[in-house]
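Participant: Here's the letter readout for the chains.
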Amino acid sequence: MTDKPVQEEKRVFMTGNEVVAWAAVAAGADIMYGYPITPQNEVMHYWTRLAPKFDKKFLQTEDELSAGFATIGGALAGRKSFSATAGPGTTLFQEPVSMAEMMRIPMVVVVQQRGGPSTATVIYSQQEVNMVTFGGNGEGWRVVYSTATHQEVYDYTIKSFNVAWKYRFPVFLLGDGYQAKMREPVTMYNPEDRGIELVEAEATLGQEGVPGKDRPARHIRNAYSVEEELYEASMPIQEEWEKMAEEITEWEEENIEDADVVIISHGVVSRAAIAAMNRLREKGVKVGYFRPITLRPFPNQQLREVAKKCSNFLLVESALGQLARLVKDALFNIPVENFDTIYKPGVGITAEELVEHIQKTR
Amino acid sequence: MAERLAMPKSWHLESKPHKFCPGCGHGIVLKILGEVIDELEIQDRMVFGVDIGCSLLAWDFFDVDTVQTHHGRTNPVMVGLKRANPELLPIAYMGDGGGYAIGSQHLVNSAFRNEKIMAIVVNNCNYGMTGGQMSPTTLPGQKTETSPYGRDPKETGNPTLGPEMVAAIASPGAYVARATVSNTKQLKRFMKKAVENQIAGNGFSFLEVISSCPTNWRTNAKQTWAFMEEDMANYFKTGELRTPDENKEG
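Residue numbers (our numbering), protein chains in the order written: chain A, 3 to 364; chain B, 29 to 278.
Quick caveat, the hints were computed from the structure, so don't treat them as lab data. Treat the numbers as computed from the prediction; the structure is a model and nothing was measured. Some hints could be false.
Unchecked claim - Partial list, derived from the structure: chain B residues whose beta carbon lies under 10 Å from chain A:
id, residue
1, 33
2, 103
3, 108
4, 115
5, 271
Said to hold, decoys possible - Computed list of lysine to aspartate or glutamate pairs in DMTMM-like fashion (alpha-carbon distance at most 20 Å, straight line):
id, chain 1, residue 1, chain 2, residue 2
6, A, 59, B, 88
7, B, 37, A, 210
8, A, 215, B, 88
9, B, 220, B, 274
10, A, 215, B, 66
11, B, 47, A, 229
12, B, 47, A, 231
13, A, 215, B, 274
Glycine is no exception: its CB is placed at the ideal position from the N, C-alpha and C atoms.
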């Protein structure tokens, strides 16, 4: 049995799904509960190949509801458990994730977005933003990392486990079909070698001792009898979520100071945005770039600071305004010069079309 | 007899008296379970999972680690616990809705996979907490809020025979039985064997318990007992349907 999956840093050429599986092992994940859906299947394929080598476990459940609730069971037992899904599976995951929000259960769900609504395509979209940020009944007490590159898939998978177990909120790692299936170079590393301390998993149920004798029994619930009781239970969770938000919000921005137009995008589309910015800058067009890495919590304050310098925005996404909704909410009450959009639900966006669009509209 | 009147040691005293309606069968089932926990000394290893519906009122019933889950989802949570830590003894506790309607796929697949957990379905022929609607086990002709003229099997099918279904698909090592709160000696025997089966790690352990719901049945004490011992007993036969050694009672 090998102790650590990655002994020393190494450069590999892998699909995003394979990267997830390796990163989950590196992050100290113990068990995966999964149900097949394209385009995330290879996360399970690689996990089940790696699992016996590193004393990890896997269960293929009967559906996503079962996968989600079994993941919760694993977390309650004190094991780092996770799952992966997409599309209609993400819809079903809203039920267990809402329970995890109320009960403060750490769980990690990797979502490789496919087209929607409904079955749609199995390839690509950015149409699961609404669901991963505010799906389920409740207030969206969750964390969503939107990755753009395979390196980020590796880095943020590790981070997802740490954030989930440190703050005890469910975490979504949001990729997409392109990131899931294409290959690109990644540097794999053992997190502790880079000074990333892995947060220990702790059992909620079944700790040492006899309940009622050596220690109080743990009674975990999500049902409350009256409105006031729920209010009292909810507000501390909201406060802790807000406190966490200040510590974990991440974003990326470039060339804002002198920008005439700022492209806003997230995930894989931001690669087209950066390429378009660089090409236009070479031609003397002053283009800036802003990208939320955490979609929940959203970098509201950081975007408002950008808007004070330049609010001639071009928002691009492979969806019909799902990112735009988060952006407009963040910009509420801030004067905006121009809010141009390119919405292409379920379709990829290239640097060329962004260059052309900006040249045409300037 | 004096011992039978005492509260089980594993009961959480601060949450007593319990919150079930007067005449509800849950109190009897939970008392028997409490006695079994005491006798087998499993308070430290057991994890009690309760569903949504009346069973959720048992969320702080025992001095045993307990999690109250979503409607129909108690089995997968217990499966997740057991797979992650096989030392634990998870017991899923639900009503006929959680077992046979919204959670049926989880029950069926837990049985198929021979998960080493235990599931208890308390069958009271209706949805109690939501106000007495028809459930999978509502008897033909029985009046509920959503079958006000009596359940018509031509429209809604026949009542689910849970243990018979589970027994038909179960693997060797499984324990499957049906008991009733009107025969507590048998109920305790079956309950203990089901728990012991999980401790032995033989396979899936499943117990259905016929139980009363006088509030929604709109019955007095005498009618409640008659409905349970005559109408329900005619349809839902008590006894053991699968045992690891195939030596069955009833």
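Participant: Tell me, in ascending order, the numbers of any earlier hints that this structure violates.
Facilitator: 1, 5, 6, 13
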